[in-house]
Amino acid sequence: MIEPLILSLQVAAITTVLLAAVGIPLSWRLANRHSIAWRVVEALTSLPLVLPSTVIGFYLLLAFAPNSALGQWLISTFDWQLAFSFGGLVIASLVYSLPFMIQPLVMGFRSLDAEQVQAASLMGVSPRKMLWRFAVPATKPYLMRASILCFVHTLGEFGAILMIGGNIPGQTQTLSIALYEKVELLQFSEAHPIALTLITFSLVALLVGHPHIREVRHAQR
Amino acid sequence: MLNVKIGEHRLSVATGQRLAVIGASGCGKTQLLKSISGLNGNVGSVQFDDRVWQDGGDIFVEPHKRNIAFVFQHRALFGHLDVRGNLLFNNAKPTHFDLVVERLQINALLDRCIEKLSGGEQQRVALARALLQPFDLLILDEPFQGLDKGLKQAAGELITNSDITANKPIIFVSHHHYEVEALATDKHYFLEPSI
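In order, the protein sequences belong to chains A and B. For the first sequence, our numbering begins at 1 and goes up steadily by one. For the second sequence, our numbering begins at 1 and goes up steadily by one.
In silico lysine-lysine, DSSO-like type, Cα no more than 27 Å apart, as pairs:
(1) K187(B) <-> K149(B)
(2) K129(A) <-> K93(B)
(3) K93(B) <-> K116(B)
(4) K65(B) <-> K129(A)
(5) K93(B) <-> K140(A)
(6) K168(B) <-> K152(B)
(7) K187(B) <-> K5(B)
(8) K168(B) <-> K93(B)
(9) K116(B) <-> K140(A)
In case anyone wonders, no lab produced these hints; they're calculated from the structure.
Bound-form chain A, shown alone (with noise of 0.2 Å):
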């Protein structure tokens, strides 16, 4: 159970970094721009909250298969190849656990004081560095939810890593696929540490999280 652990840890760090990195600008621009487009991209952000994960690892598998021109690609480029690798699973997390990132802090961005963003503004912070010298300090506790919601998620993610992972013991078979395959023969003694270190992971990582969110108060009007 430990190299399905360790492995599960690592995509889920991976995944939680990547994408706060890719997020708070994203989400940043989502809380502030108003238009169509901007409605469609965050639409298509929260696709992976309401799609069977199982319709993301197809799409992936797919784009990213030996024969795809992306995975060929790839492949003769970087000598990558994404299905059934680490990569393939982190590529799959990514999307997978997107909205888990953007939500919270699209919503922690949008619960900003107006006034408190044109004071800044007026003491020369400016439109580019809002984000980093204000924003992101004013709301980091939505960062603090968000990267553990991400984390847990990712920690749980079955479908679309079992689609473009595959199986396969210490590269890509996670602790939900280890259970999964447990279960299909039928060794439910080895299946309940596995299903319990999931539920023990993700309460404490939901009970640490929680709090943080509280903490966020505005300076009393």
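Chain B: place on chain A using the hints.
Structure of chain B alone, referenced to chain A:
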């Protein structure tokens, strides 16, 4: 010298002059101040010395480049920072820190979080934060709310009688006669309720 033409409003403030904008609540004082600062977009025309800040057309200097210190009516203090963090925001080494902190009696509050302060304490922090910024124009929207008489006097003196504001134009909103006096305003602009 500040020259403003926004809608029906025409006002000018010379170097070192203090202009009181006076009018009942709801007649647009705050919006006028925000428009002058560029916070309402490119409306009307605003010129500061030989620089056009906005002309309602092509020219618009963004608010962060205008060097305006602004005390907001609702203070707009940053809730995620403590008092010190607010005072030093984007301005790590303010010139008059000790003077301002002492006169506005903020010393004991420096490490407190904003939400734990009373209204009057928040008002002092908002005043101090603005006065510590480097600025060419000072705009105060009801700056003495919640301050007792002694503190009003101290704040008024700090604004009228110190190096901080020397020769800099000040615009100041109030509907309290006392505040207009405390700031020894030398010019008044009366706003009529619109509609």
